[in-house]
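A.B. asks: In case you want the letters, here they are:
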Amino acid sequence: MEILVCLKQVPDDSVEIHLKPGTEEVNLDGVTPVVNAFDTYALEMATRLKEAVGGSITAITVGPEKARDAVKTCLAVGANQGYVISDPTFEDADTLGRSKILAAAIRKLEADAGKPFDLIFCGREATDRASGQLGPQLAEALGTGVIVDLVDIEQTDAGICAKQETEEGYRKVESALPCVVTVNKPAYDPRYPTIKSKMAARKMAIPVLSAADLDSVEPGKPTAHVVKVFEPAKRQAGVKINEETAAESAIKAVDMMAAAKLL
Amino acid sequence: MDWGNCKDILVFLEQKEGKVVNVSLEALTPARTLAGLTGGKVLALAVGTDNAAAAEKAAPLCDGVLSVEGAAFSDGCSDAMVCALEAMVNKYAPAAVLAGNTPLGRELTARLDARKGLGSVQDATALKIDNGTPVWTVPLYGGTVLNDVVVDTLPVVATVRSGAFSKPEAGEAAPVTAEAVEVPADAIKTKVVEAVKEISESVNLEEAKVIVTGGRGMGSQENFALVEELAQLLGGVVGATRPAIEEGWVSRAHQVGQSGKIVSPALYIACGVSGATQHVSGMTGSGYVVAINKDEDAPIFDVADVGIVGDVMKVLPAMIEEIRKRKAE
Ligand SMILES: Cc1cc2nc3c(=O)[nH]c(=O)nc-3n(C[C@H](O)[C@H](O)[C@H](O)COP(=O)(O)OP(=O)(O)OC[C@H]3O[C@@H](n4cnc5c(N)ncnc54)[C@H](O)[C@@H]3O)c2cc1C
Ligand SMILES: Nc1ncnc2c1ncn2[C@@H]1O[C@H](COP(=O)(O)O)[C@@H](O)[C@H]1O
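Protein sequence lines correspond, in order, to chains E and L. For the first sequence, the UniProt record's numbering assigns the number 263 to the last residue and increments by one with no breaks. For the second sequence, the UniProt record's numbering assigns the number 329 to the last residue and increments by one with no breaks.
Heads up, a few of these hints could be off.
Within a straight-line C-alpha distance of at most 30 Å, the following computed BS3-like cross-link-like pairs (lysine-lysine) qualify [stated by the list, open to error]: (1) 327/L <-> 115/E; (2) 252/E <-> 327/L; (3) 189/L <-> 261/E.
Derived list of chain E stretches under chain L, where covered just means 3 residues or more per stretch with a C-beta under 8 Å from a C-beta of chain L [to be verified]: (4) 136-143; (5) 226-232.
What the hints contain is simulated information worked out from the structure, not anything from laboratory work. The C-beta atom is built at its ideal place from N, Cα and C for all residues, glycine as well.
Take the sequences, apply the hints, and build the full model.
C.D. replies: Next comes the structure, spelled out in structure tokens:
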């Protein structure tokens, strides 16, 4: 099976992001760029599928050339090859624009390889903006089906059967190939690279494709604009209780809850 | 903002087994604000196999219900639903299209945007009108940064966060109009072959007044029972962090946080919870926060009104006993 995994490089989501004091500028100083968590889940699911049915995984990202690092990370944990799609004219593309760029890149890679992708994995959402739009929009651009919020997938005679998480449980959803899927957190965690797989990934070339390499791509003007960037009102830390015994601490806390008329 | 000939506000009513989902009804409130601006109507769009219950629920809250019914529109069949949504957008030329920020709401609006070249906002937590232009507030980085955003295309498309708006007051029931939409066979690309209910309990975290949440620090399923006991004692609902759910101590329906429920109870008690952003972003709207953690530097204390430094296995039983005693008095 020919699998494509779309990934976004985002600021490390275990770090609390704030604005530079007194400005509307997001402070990303010292925050490591990482592969979006849901994309690491998508890659792990794709890798397990590849291990089960055979095939190859291509990892792709639209972003600055620096996003190469993100692709490299993927090469060490399951992806067989990777590409960065980068162009100054892509810089302010919104989700809709990026879905068009990815569609053009997919057509280009398919033409070069002489074979189509069967399955395209995206994350459920990117942890920076959590829009969750790109997967469905990419499917529309490619004219394929889309299944969102997967927690598992298997190959069938007719294509794939996906386990889609719902509020009450799950659905089994089938689609012919090609198809786009978006991945939620499965029951398993993404694997870690080994020293060997990291070394191998480091040696692999990660080509950068620009607008000129793609066949007429028109990301279009951004469809929305930001008028203000701010922080929500902060919660104030209250009192800390650390009495001699747990029972004393508990009583003190219950007193405070009672005083606040919460019991 | 120049609305051209677009006036009405279309709200997608999401249904589950014929019951309309709460956030869809909440979306009728920002829709009313927008209709005030455009001078149009608030139209609720029900798409399903049997819309009777949803239409009845929505009719007193809007100016008209559009009902698209048919066997093709069964739960989970998003391919058919997006056709219905697109057809209604084409027919009514609305000034805005709103939906709840659920997986279905996000998928349908994303696909509508792609088909019609539209921009949109997701997970809007507030709407204000600035000089006749709608400005939406959306969270970034798990909610530590907010953006005010203007959508530049028409219709304006937005999904709204559950609990961010309250349902409108009921008025007189608006008329229900049946609309026929033909779904071309080649539009259906995915097929639901099975739907399984694993979680039968109904967990209403969003409307709970008291939530007692257990995290990984509870240590085991047996210990987690203390969280349940305290929740019950306070007439509250049990919440959980993602690790507590992954350990299998409690079902996924209890998850609070970025990929769970966004909650705002009057009292939130966090037991053995570290306070990771992905969790905190789901509970900062709480009125009063009590945290129990043995690590005095745990980030959860930064958002707690009362922080108890201690072992949950000692503090929780003492707390339960003390509350019981006071209730008995
Ligand atoms: C994309 C993404 C989405 C996510 N979405 C969510 C989400 O929606 N909700 C969510 O909760 N998480 C979510 N997470 C996970 C999140 O990042 C944290 O890992 C999680 O919230 C931590 O859960 P925890 O506090 O239970 O566990 P830990 O971080 O392991 O903390 C356990 C705490 O318990 C304390 N403790 C241990 N033993 C005791 C004891 N005996 N007495 C008192 N205290 C004790 C420890 O000091 C520690 O602070 C998400 C992560 C990602 C990457
Ligand atoms: N710049 C990008 N390059 C490649 N894939 C992306 C990019 N942005 C988003 N995606 C994919 O789309 C998913 C959803 O992103 P979003 O719609 O931005 O929340 C991500 O999890 C990725 O799989």
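A.B. asks: Does the alpha-carbon distance linking residue 189/L and residue 261/E stay inside the 30 Å limit?
C.D. replies: 55 Å, violated
A.B. asks: Does residue 115/E sit within 30 Å of residue 327/L, going by the straight-line distance between their CA atoms?
C.D. replies: Not satisfied, since the Cα-Cα distance of roughly 71 Å exceeds 30 Å.
A.B. asks: Quick check: the segment 136-143 of chain E, covered by chain L? Criterion 3+ residues, Cβ under 8 Å.
C.D. replies: holds (count 5)
A.B. asks: Confirm or reject the coverage of the segment 226-232 of chain E by chain L under the rule of 3 or more residues with a beta carbon closer than 8 Å to the chain's beta carbons.
C.D. replies: With 7 residues in contact (Cβ-Cβ under 8 Å with chain L), the coverage given for the segment 226-232 of chain E holds.
A.B. asks: Take a quick look at whether residue 252/E and residue 327/L sit within 30 Å of each other, Cα to Cα.
C.D. replies: Holds, because 16 Å separates the two Cα atoms, which is no more than 30 Å.
Figure legend: structure checked against the earlier numbered hints; hints not met, in rising order: 1 and 3.
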